[in-house]
Each structure stands twice: as C-alpha cells, then as structure tokens.
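Asker: Sequence:
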Amino acid sequence: MIVFVTACAVLLGLLWALHWLWRRRIEAELTEGAAGEYERHRARDPELMEGMTLERFRAIYARVERPRYPTYLLGAITAFALGTPVLLALMSGAAYYAQRAGLIAQPGEAANRIYFSDSGTASIARRVSPEALSYILQGWAGFYYFFGLLFFWILIVAVAMRRYHARTPGFLREEVLRSR
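In full-length UniProt numbering, the protein residues as written are 1 to 180.
Note that these hints are calculated values from the structure, not bench results.
Misleading hints may appear alongside valid ones.
As the list claims (entries may be wrong) - Taking CB as the label site, the calculated pair distances span:
#, residue 1, residue 2, range
1, Leu-149, Gly-36, 41 to 51 Å
2, Ser-92, Glu-174, 44 to 54 Å
3, Gly-36, Phe-143, 14 to 24 Å
4, Leu-14, Val-157, 17 to 27 Å
5, Gly-83, Ile-2, 13 to 23 Å
Think of the CB as a built atom: it goes at the ideal place given N, C-alpha and C, for glycine as much as any other residue.
All chains should be modelled from the sequences, with the hints used to inform the complete structure.
Answerer: Shown next, in the form of structure tokens:
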C-alpha cells in the first residue's frame with residue numbers, strides 16, 4: 001500500500017511540475033503578446049490606455065488571456081487523490097461507531113427475514129441461493145461507500161466548476177476599464 005501511495009504522490013508531483021513548466025512557457029508568450037497588444041491599443045484607442053503602464057497592462061492581459069482550465073483540472077485531480085483516502089477512513093470510522101452504538105442492523109436481525117423453503121434452502125427474495133444470501137448480508141456497507149464516494153467526487157467537481165466560472169475574467173477592454 002505504501003508503494004501505491006508513494007507512486008500516486010510522485011505522479012501528482014510530476015503533474016504539478018509539468019504544469020509549472022507549461023505555465024512558465026505560457027507566461028513568456030503572454031508577456032510577448034501583451035507588449036504587442038499594448039502598442040496596438042495605444043495607437044487605436046489612446047483614451048482607453050490613458051495612464052496605463054506596460055506592466056499594469058501585462059498583468060491585466062495575463063489575467064484575461066491565461067488558460068485556466070488545466071490548473072482547475074489538476075486541482076480537482078489532487079483533491080480526488082488526497083480526499084478519497086481521508087473520506088474512506090472517515091466512513092469506516094463512522095460505520096464502526098454506528099455498529100458499536102447499535103445503529104446498523106446485525107446479520108442476526110437480517111436473518112429473521114430469511115425465507116426457508118420446504119427443501120431447506122434459505123433466501124430473502126425466495127430466489128437467492130444461500131451463498132448469495134451470505135454475500136448480501138455481509139455487503140450492506142457497499143452501498144454506503146459507493147454513494148459516499150460518488151457524492152464526494154460530485155462535490156469536488158461542483159466546487160471546482162463554481163470557482164472556475166465565478167473567477168472568469170471579462171474581455172480585455174472591460175478589464176482595462178475596471179482597473180482604473
């Protein structure tokens with residue numbers, strides 16, 4: 001297990017390092033593009049650019065034009081990787097304490113609902129073999145874990161999407177006007 005966790009941590013670290021290198025390259029391209037746009041806007045719309053320095057324009061241009069999706073995607077992947085083991089541990093602890101408190105039906109209680117046919121076979125739904133019945137009685141928690149993980153992952157995606165769309169900058173002209 002420690003090898004798997006280490007491999008996941010190394011993979012996440014590698015992804016973030018590649019993202020950092022990609023972002024550095026994009027920043028260089030944005031700096032170059034901002035200089036050209038600055039000169040173009042100064043020539044075509046001088047009143048818009050009045051009082052605007054090149055450095056301030058570069059910051060606005062980078063905020064508007066920088067691709068944001070890879071960062072949010074990598075953040076969501078990291079949240080999945082770091083949050084899933086924690087969630088499973090919390091759910092296991094909750095199941096343990098719920099069972100200790102008597103909040104979870106025991107197999108003995110479920111056995112009271114077992115149907116015995118004349119031939120001696122036991123079932124809950126009258127068509128289940130005894131082997132399948134034992135798996136059913138042992139696997140009640142699978143439902144709990146499945147939907148717990150599902151809701152957790154949906155929550156991560158919802159938070160990432162909400163942040164992504166809430167922090168979307170406007171067009172370059174709008175952002176320049178807003179920065180005044």
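Asker: Please name the hints from earlier in the document that this structure breaks, with their numbers sorted from lowest to highest.
Answerer: 3
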